[in-house]
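S.K.: Spelled out, the chains give:
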Amino acid sequence: MLTLKDLRVVFNAGTPIQNVALDGLALHVPAGQFVTVIGSNGAGKSTLLNAISGEVTLDEGSIQIDGMEMAGLSAWRRAGHVARVFQDPLAGTCEDLSIEENLALADARGQRRGLGRAVRRERREEYREQLRLLDLGLEDRLEDPIGLLSGGQRQSVSLLMAALRPSRILLLDEHTAALDPRTADYVLALTRKLVKDKGLTTLMVTHSMRQALEIGDRLVMLHRGKVALDVAEPANKGLGVPDLLEMFQRVRAEAISDDALLLD
Amino acid sequence: MSAYAFWGAIEVGLVFSLVALAVYLSFRVLRFPDLTVDGSFPLGAAVCATLISMGWDPFAATAMAFLAGALAGALTGWLNVGLRIMDLLAGILVMIALYSINLRIMGRPNVPLIMEPTVFNAFQSEGLDDMLLRPAILLVVVIAAKLLLDAFLRSQMGLAMRATGANPRMARAQGVPTGGVVVIGLALSNALCALGGALFAQSQGGADISMGIGTIVIGLAAVIVGESLFHSRRLVWMTLAVIIGAVLYRFFVALALNADMIGLEAQDLNLITAVLVTIALVVPMLRRRRRS
Chain A
1 MLTLKDLRVV FNAGTPIQNV ALDGLALHVP AGQFVTVIGS NGAGKSTLLN AISGEVTLDE
61 GSIQIDGMEM AGLSAWRRAG HVARVFQDPL AGTCEDLSIE ENLALADARG QRRGLGRAVR
121 RERREEYREQ LRLLDLGLED RLEDPIGLLS GGQRQSVSLL MAALRPSRIL LLDEHTAALD
181 PRTADYVLAL TRKLVKDKGL TTLMVTHSMR QALEIGDRLV MLHRGKVALD VAEPANKGLG
241 VPDLLEMFQR VRAEAISDDA LLLD
Chain B
265 MSAYAFWGAI EVGLVFSLVA LAVYLSFRVL RFPDLTVDGS FPLGAAVCAT LISMGWDPFA
325 ATAMAFLAGA LAGALTGWLN VGLRIMDLLA GILVMIALYS INLRIMGRPN VPLIMEPTVF
385 NAFQSEGLDD MLLRPAILLV VVIAAKLLLD AFLRSQMGLA MRATGANPRM ARAQGVPTGG
445 VVVIGLALSN ALCALGGALF AQSQGGADIS MGIGTIVIGL AAVIVGESLF HSRRLVWMTL
505 AVIIGAVLYR FFVALALNAD MIGLEAQDLN LITAVLVTIA LVVPMLRRRR RS
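Each protein sequence line maps, in turn, to chains A and B. The working numbering numbers the first residue of the first sequence as 1 and each following residue consecutively. The working numbering numbers the first residue of the second sequence as 265 and each following residue consecutively.
None of these hints come from the bench; they were simulated from the model. A virtual CB, placed ideally from N, CA and C, is assigned to each residue, including glycine. Among the hints, a few may not be true.
[To be verified] Derived, one-sided and incomplete: chain B residues facing chain A with beta-carbon distance under 8 Å: (1) Ala409; (2) Arg418; (3) Leu423; (4) Arg426; (5) Ala427; (6) Arg433; (7) Met434; (8) Pro441; (9) His495; (10) Ser496; (11) Arg497; (12) Ala520.
[What the hints assert, rightly or not] Pair ranges (Cβ atoms, derived): (13) B:Phe516 - A:Thr57: 49 to 55 Å; (14) B:Leu353 - A:Arg132: 44 to 50 Å; (15) A:Glu139 - B:Ser496: 19 to 25 Å; (16) A:Glu246 - B:Ser496: 55 to 61 Å; (17) B:Leu331 - A:Glu143: 53 to 59 Å; (18) A:Lys193 - B:Gly444: 51 to 57 Å; (19) A:Arg132 - B:Asp321: 53 to 59 Å; (20) B:Arg554 - A:Arg250: 58 to 64 Å; (21) B:Gly444 - A:Arg250: 30 to 36 Å; (22) A:Thr57 - B:Leu411: 30 to 36 Å.
[Claimed, not checked] Computed, partial: chain B to chain A, Cβ under 8 Å: (23) Ser389; (24) Gln420; (25) Met421.
If we strip away everything but chain A, and leave its shape as in the complex, we get (with noise of 0.2 Å):
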């Protein structure tokens, strides 16, 4: 369960170039919910993600994950809570690691780490398993750099990493943008298969809204740092990309009209 309420993030404040990244944004998520979150550029999908796992501070507001509040922790100090899938394929894994030892990182996860071997022989086996669900042949290639493999294979591997420990949060931040069709549509159905396996709470950001309308339980619009639409099941309700974009026109001339209001 994710609880936002009235995230408040500002970068540059009190320069000229000061921008309101997120501005007083509340989402509730139910444990297991699996969340599509789209917007335009600019609309704060990415600062959420990094305010949730961390990587950006928050001016004001609340993150609270099963109860337990996130505001003010470290990045490393969430890890334990919040698994992460970037965009980039080369930023999830390492690249001068082994795929086992990546893995064996990813399996410790929110632990101390001491200064027994990373890769344990019993530990190996499952890596071989989650790896063999991948059916991309890389479970004969543990040892193998991981700098080795395509875009696609190390993103594969970053979300069995981010699904390996358990975790309350799943963030996927554009995981698939940087992936050619076919390839973006393996680490798709991938993603969906993790999420339902392991029932995992997730926030996946997309810049796609066909992408965002078939997959999902709930579809949430961002503008200007706020959730402007928050539709449930939009797949059984039968929506199409039109129908998005002529809410999003409406959402956007609100609030072109609200700003009109203020300058009054």
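Go by the hints and put chain B onto chain A.
M.R.: Here is chain B on its own, set in the frame of chain A:
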């Protein structure tokens, strides 16, 4: 080249392979350009030589030198992580501070160790010449350091350290406290370097305030020579390459200094090092440019 000069070069090369491992850890694993080593190498020598001349057991004195180096490295790490001082500058600040500290520790510009016992004396026997004994002992120390470092880099903490250097954002997302890891890594690196300094003082007959000058360049030269000899991404080979690089580098320097016709002398050492490192840095770049 005489046998004496040959084994002398191997001996110094082995001492500097500890420095090279230290530089490999900071520059390559953590990707932190740490210049502290120019101060922590003489720090190790100063602590060790001073304690031995005060009557300490040479092994205990060497261990204290190791700890002193760790402290210096941790300080650089804290300046960078805690006070947000740029990495290069943090190292330079501690390096400069150590110059004064080393003088304070020794109380004078140099502490000779001619008659005092050293760790090498403990292994002296009738059969083996000193000239061979010292390289043999150093070889054991260096191999032990390499194997321990390999094991460390494969441990959970070692993995966290490698990830911190290569991709800190990802490391944090996996719950790695990257700041703390940098401090630990620099402490370990400078401890190794100070150990090298302590052994150098004991093998060369004393500590000198100016012995640290250019340590970083020599260490980096060893890393680069090693890397250009072995093209491997595997850690076990990389640490070995770095050690071989240090020994080879010292060997060639001795060769250059011994070749009378070139007319080079001992004071030209740092110049030779700078020229060699420049060549080693430029050649792969030129080769890449020609290929593309």
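S.K.: None of the hints should be skipped; say for each whether it holds.
M.R.: Tested hints:
no.	hint	result
1	Ala409	violated (16 Å)
2	Arg418	holds (6 Å)
3	Leu423	holds (4 Å)
4	Arg426	holds (6 Å)
5	Ala427	holds (5 Å)
6	Arg433	holds (6 Å)
7	Met434	holds (6 Å)
8	Pro441	holds (5 Å)
9	His495	violated (13 Å)
10	Ser496	violated (10 Å)
11	Arg497	holds (5 Å)
12	Ala520	violated (34 Å)
13	B:Phe516 - A:Thr57: 49 to 55 Å	holds (52 Å)
14	B:Leu353 - A:Arg132: 44 to 50 Å	holds (49 Å)
15	A:Glu139 - B:Ser496: 19 to 25 Å	holds (24 Å)
16	A:Glu246 - B:Ser496: 55 to 61 Å	holds (58 Å)
17	B:Leu331 - A:Glu143: 53 to 59 Å	violated (36 Å)
18	A:Lys193 - B:Gly444: 51 to 57 Å	violated (36 Å)
19	A:Arg132 - B:Asp321: 53 to 59 Å	holds (56 Å)
20	B:Arg554 - A:Arg250: 58 to 64 Å	holds (60 Å)
21	B:Gly444 - A:Arg250: 30 to 36 Å	violated (50 Å)
22	A:Thr57 - B:Leu411: 30 to 36 Å	violated (42 Å)
23	Ser389	violated (35 Å)
24	Gln420	holds (4 Å)
25	Met421	holds (5 Å)
Violated hints, in rising order: 1, 9, 10, 12, 17, 18, 21, 22 and 23; the structure is consistent with all others.
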